[in-house]
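Colleague: Start from the sequences and build out the full structure, keeping to the hints where you can.
Chains as they are written, first to last, in my numbering: chain A, 1 to 330; chain B, 1001 to 1330; chain C, 2001 to 2330.
Just to be clear, a hint being listed does not mean it is correct.
Unchecked claim - Simulated crosslink set (SDA-like; lysine to any residue; CA at most 25 Å straight-line):
#1 K52/A - M1289/B
#2 K54/A - R1042/B
#3 K305/A - A2164/C
Source of the hints: derived by calculation from the structure; they are not laboratory data.
Next come the chains, spelled out residue by residue.
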Amino acid sequence: SVTVYGLVDMGYAYRTDNYDASKSGRNGIDSGIASGSRLGFRGVEEISPGLKGKFVIEAGINADQGSAAQGGAAWGRQSWLGLDAGVVEARLGRQYSPEYLIYGDIDPFSHGQVAKASNIFQHVKTYDRINNAFYLTTPYFGDVFSVDAIYSFNRGGDEAVANAGDKRFYAIAPKLQFGKMFKVVANYSHDYDKAKYTTDTVVELGAIVDFGVAKISGAYAQPKLESTPVGAAKEPKKYNRYLLGATVPFGNFSLLASYAYSKDKNDLDEKATQIGIGGTYAFSKRTDMYLGFARIDADDKIAVKYGVSDGSNTFNDYRSGFNLGVRHKF
Amino acid sequence: SVTVYGLVDMGYAYRTDNYDASKSGRNGIDSGIASGSRLGFRGVEEISPGLKGKFVIEAGINADQGSAAQGGAAWGRQSWLGLDAGVVEARLGRQYSPEYLIYGDIDPFSHGQVAKASNIFQHVKTYDRINNAFYLTTPYFGDVFSVDAIYSFNRGGDEAVANAGDKRFYAIAPKLQFGKMFKVVANYSHDYDKAKYTTDTVVELGAIVDFGVAKISGAYAQPKLESTPVGAAKEPKKYNRYLLGATVPFGNFSLLASYAYSKDKNDLDEKATQIGIGGTYAFSKRTDMYLGFARIDADDKIAVKYGVSDGSNTFNDYRSGFNLGVRHKF
Amino acid sequence: SVTVYGLVDMGYAYRTDNYDASKSGRNGIDSGIASGSRLGFRGVEEISPGLKGKFVIEAGINADQGSAAQGGAAWGRQSWLGLDAGVVEARLGRQYSPEYLIYGDIDPFSHGQVAKASNIFQHVKTYDRINNAFYLTTPYFGDVFSVDAIYSFNRGGDEAVANAGDKRFYAIAPKLQFGKMFKVVANYSHDYDKAKYTTDTVVELGAIVDFGVAKISGAYAQPKLESTPVGAAKEPKKYNRYLLGATVPFGNFSLLASYAYSKDKNDLDEKATQIGIGGTYAFSKRTDMYLGFARIDADDKIAVKYGVSDGSNTFNDYRSGFNLGVRHKF
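Modeller: Written out as structure tokens, the structure is:
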């Protein structure tokens, strides 16, 4: 009644800076460059006809150092209990946000490699996993319409006494699919900081068209952050963010390419553009190789840092990167 | 030769205060409300006829946040190696105290939910798990008499150099059973602090009568704490503690009720009373739902805090609570 | 495709000081005295004829306290991904150094018990496991010659930005075997500290002769540590270290004995000698008992501390020790 599963991803990552010539690069043998290394335990129980019990406990692993990923959380990738009644499944625990799951599809690099979309779409990284979450998900009704919704009393740590410093979070993500070819997804996230009385929201829309010979995907996102006030008027910081991606399979090889762009809407002229190109080669169903390159052009020397990230690390101010590695599922 | 097992318990818990109206309640989606969420590995080897090797390695999981329970100990629920010779089994490692195991039977809520007996019987919480422990347990001789004993060089952290700050702990728990209907249990715990030269002891007696239609249980405990001196004479703090519990099964449903009372014996008039009521409903052998309510009345505003606890949290000064959740074994 | 395996080792360890009578001993019920307690997950995939994918994820466990060993690293014993092409196997991740693997063979106590060779051969402890490592290993070509090599951008923590504080490490270990009877091994380790501009090296040679009725092993090592400069001339600290070991099997019982000696080459007269004697008794293939005694004689009151170590602990200044325990594989 328990399945042990996982993935180990190890490779080489290099990051450097195309802006500041005095900064030398970083060489690393890193874990989880394309997909986070993990060890998981999951199970399903048929409680009664039409009702299933489910659970997932998943540890993120920095296999380059034998430590726990996700900032040291022992089972920090996912840990939840679910009841699946067919028309709706309810889950309680630490879980992915609907937004993070959506971009797993839209981003050709699927949250991995130096070229991951969240280098520019930083709001996706902020809301990757939600603690203390109540999640509802449906199947595709009429094979067309599905919806995911999530609520948390505190998306970060444990709920505080009197819930004083909690970050109340909810999100709703409707999805449409038309056959295997066309998919439209949307998301609205609402993040209320009880201590600061600020609300950050994200509205976004994505689409995926799968022509068979190529998969084209795109997204538009509009984060609005009251937690980052701008100027004397303390206007919330706002962004327009665009993503365009392509995945082109040739047998065991897949070519991956993406373009991501972010610009503030507060006349600060904080622009950032990322181009990413890469590929994967499948040795077998369970093992593949990957390779990727990314470069960011940005004018935001002062404010927000946009940088390519590698496996073990997240954001920093290096502006281009390369990686090469092997990924093994079990 | 290894069995992977575990339990995920997730639910909603609410705590509030019936004393101080200005204090707002705490809402939480919590892990391990009724039973601590866990992932375990265990095995048995038939070394020779009459001799078995055994082990348990068990991780406590805060599934609401993907972190390790038991204060961050990776395998903090249990981790021990045992040799079972039939007439006696010896175990070495981090283990439950005999007392904690006894109250798992006496407390109708079995150390879980907001109404757990250890909210009032705080000494049971202090000695839940013992590090560096040598444990001896016997089967019921003549189907009637059994005894558990435990010794530790330091019940908390690792044994110090020169054992200077260690807390030497031992306990002995004789048990009698008369058929399936009647059980009497006793425990004596002895906790010596080598740094402070103080000894805390607990003497306690419990009984369980199972009428089939209902199970009635009760306990009396007398903690005596030299580590908490009282007044100018520095008398050890002493308590009388009483517990009464009932479990009434109706098919898949079980009604749970308990009453717990603590009063100091140092004429400080520190009284605390808890009433707890709840229930469990079994969907299947492996999955059930639970619901519970607890309320504490206490006069001890100044000294010891008695509060209802929920899954992820332990003691605090909230005085009533409610919880509702689902528990799944695997 | 996943194998769950492990080992639990629990016992009693006593350490005391034969130099300073005022120092009282340390008593402990400890984990991992003879072999580190662990829980592991491993798998092999036949990717194609002649190419295998492999992984190991292994958690070290202080079973006496339910905590993670290796300084709290969740999967700190080993975590790596490998591709095995037959003539060479490449592995990426946190791994044993070639040197540590070699001494697992040469040291009759195989890195365990109070008498472990690394009490004196401290350089072996320093380089036990290497983070961010790229490892190459070959089978024995012509059944005679094999070589292991390792490289790491930073043997300690994660590779730093600009790799500023990294400790670049590499080692190469050629090995010769002549039938089952005779084995010669060598190792060269090179550890460059990028922040301090110092390089520590070790050159060492070992041999094992297995007569069947007894196995005799020996090693000579020459650490040279620029990171520990000596005197006004800031000469690198240098040592000569010698190890002699014997393993004598009598049925299920094995007698273990070792002699280890270290002396500086900087005319500081820092001498340390360890004698160790012990034994193991196999109850079954998976479970055994062990017993050991060690005593160190040293003149180095001021500089380097040489001390016997027990399971959970490493170096300290206790000079003799005894241990007794049980070890169970699963």
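Colleague: If a hint holds in the structure, say so; if it doesn't, say that too.
Modeller: Status of each hint after checking the structure:
1. Note on K52/A and M1289/B: the hinted pairing holds, with a Cα-Cα distance of about 14 Å set against a maximum of 25 Å.
2. Restraint check for K54/A and R1042/B: the C-alpha separation of about 22 Å stays at or below 25 Å, so the hint holds.
3. Pair hint K305/A plus A2164/C holds up; C-alpha atoms about 21 Å apart against a cutoff of 25 Å.
Comparing the model with each earlier hint shows no violations; every hint is respected.
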